[in-house]
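For what it's worth, the numbering used here labels the leading residue of the sequence shown as 2, then goes sequentially.
To be clear, the hints were calculated from the coordinates, so they are not data collected in a lab.
Predicted model, so just to flag it, every value in this text is computed and none were measured.
In this text, a Cβ means the ideal position worked out from N, Cα and C, and glycines have one as well.
Keep in mind that a hint or two might mislead.
Stated by the list, open to error - FRET-style restraints, in silico, Cβ to Cβ:
#	residue 1	residue 2	range
1	L191	P166	13 to 21 Å
2	E192	S92	27 to 35 Å
3	E240	D401	20 to 28 Å
4	P406	H108	38 to 46 Å
What the hints assert, rightly or not - Listed next, the in silico PhoX-like pairs over lysine-lysine satisfying Cα-Cα at most 20 Å (straight line):
#	residue 1	residue 2
5	K179	K256
6	K243	K93
7	K278	K236
8	K278	K349
9	K124	K283
10	K404	K278
11	K266	K291
12	K112	K124
13	K236	K95
14	K283	K243
15	K313	K267
16	K123	K95
17	K278	K243
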Amino acid sequence: MLRSSVLKLATVFVGGLLFYTLFTLSKQRDIYDHQGNEGVQNFRPAETGPNEKVVTAGGISHSNGDVASSLEAGSQQSGHSEQSAANVKSSKEKATFVTLARNSELHELIKSIRRVEEKFNKKFHYDWVFFNDEPFTQEFKDLTTSVISGKTKYAQIPKEHWSYPDWLDLDKAASSRKDLKDQGVIYGDLESYRHMCRFETGFFWQNPILDDYEWYWRVEPNTDIHCDIDYDVFKYMKENNKKYGFAISLHEFEKTIPSLWSHVKKFMEDHPEHIAKDNFMKFLSNDNGKTYNLCHFWSNFEVASLDFWRSKAYRDFFSYLDGTGNFFYERWGDAPVHSIAASLFLPKDQIHYFHDIGYNHGVYTQCPLEEAFRQAHNCDCQPEQDFTFRGYSCGTRYYDVMKLPKPANWKEYSAG
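Given the sequences, and given the hints that come with them, work out the whole structure.
Next comes the structure, spelled out in structure tokens:
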């Protein structure tokens, strides 16, 4: 009882403060929809009887309107009453999780999904959209659907979004990959990595499967959430006029983006109308835009407005950058491009740092430093793991440019 009361009080207090065609027009896409957990066979006791599935490609063809109708008809959330499901649905934002994954990454991904469900989505039942450059296996569809409390949708990326543009100099691209490999640059020789970065930068948000959504939360395999999230993240973003949210910021490898900033400056000169007045340039540059300090938001976790990527400013920006060929001639990543766009085209107060979730990917962890908060929100991370104020992080710069007070004990976790 005492724990419950503390959690409720903490939620009330903290809640105000805290803040990667929907169907196919060609045979190159495979979009597969499930009705939440109700869409899975063989994951329930035999006495529950057969479950229904909704398939929008590979056998049954629908128009967008037909698909939307079929998804709404008879929809239930497994383990919840119809009334509670209706209440959750009525208060939900038009939002979804988005994941780009290979079939071979299924079991690593399931671990990440389970954590998101445990820490957040079991309370809110948001949908989950999956992208793959190859058809998803039935095992992938069934297993992911079995552990997700919202609807699940599956899309095969069209070939034009995961291939070389016709105009690209393939010999030049191959030479660049060899050079970067010889220099020891991570993923320097990987073609698939470049296709992935270009897709995440300029195409995922254009896919019709996301047309009904306004917000997304990106989740990748081998990521973790450490703290209970008791508020609706998407609702927070909308109600507080936030457009881009992140959990970890750090410096980019300079060898991967040698010409990026010169192109950014050229774009700014050509399109001053796209630059926000109260922008976040000071986060990106130590000398008022002359050079790039390499700071960026790590995009394997991002909660953002799809309408921002759909905006004319961002469309113009991606079109210009893509035309340089440097997603392939160099090794431009989606993270610095997203970060630069958000920092230049949005007022800085529309960018939000999720300091309260506890997040890990690879060697970097974000963990709330306040002990009382960690206890109240069941955080299973240690502050010694926190990367926010370390030397390679850009967290200190974020706080300073935003003029935000740092946690009282931040200096204890700033060495290294």
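Check: Using the C-beta atoms of P406 and H108, is the stated range 38 to 46 Å upheld?
Finding: holds, 42 Å
Next item on the list: Would you mind confirming whether the straight-line C-alpha gap from K278 to K236 stays at or under 20 Å?
Entry: violated, 26 Å
Check: Taken at face value, is the distance from the CA of K124 to the CA of K112 at most 20 Å?
Finding: Holds, at about 18 Å.
Check: Within a Cα-Cα threshold of 20 Å, do K278 and K243 meet the stated pairing?
Finding: Holds - the C-alpha atoms of K243 and K278 are around 16 Å apart, at most 20 Å.
Check: Under the criterion that the straight-line Cα-Cα distance not exceed 20 Å, is the pair K266, K291 satisfied?
Finding: holds, 8 Å
Check: Does the alpha-carbon distance linking K124 and K283 stay inside the 20 Å limit?
Finding: violated, 37 Å
Checklist line | Hint check for S92 and E192 - Cβ pair distance inside 27 to 35 Å | finding: violated, 44 Å
Check: Does 20 to 28 Å hold as the CB distance between E240 and D401, or does it fail?
Finding: Since the Cβ atoms of E240 and D401 sit about 27 Å apart, the hinted range of 20 to 28 Å holds.
Note to self: Checking one constraint from the list: CA of K123 to CA of K95, max 20 Å. Satisfied?
What the structure shows: holds, 17 Å
Checklist line | 20 Å Cα cutoff - pair K283, K243 | finding: Holds - the C-alpha atoms of K243 and K283 are around 19 Å apart, at most 20 Å.
Checklist line | Hint consistency between K278 and K349 [alpha-carbon to alpha-carbon, up to 20 Å] | finding: holds, 9 Å
Next item on the list: Verify the proposed pairing of K313 with K267, using a straight-line Cα cut of 20 Å.
Entry: holds, 17 Å
This entry does not satisfy hints 2, 7, 9, going by the numbered hints stated previously.
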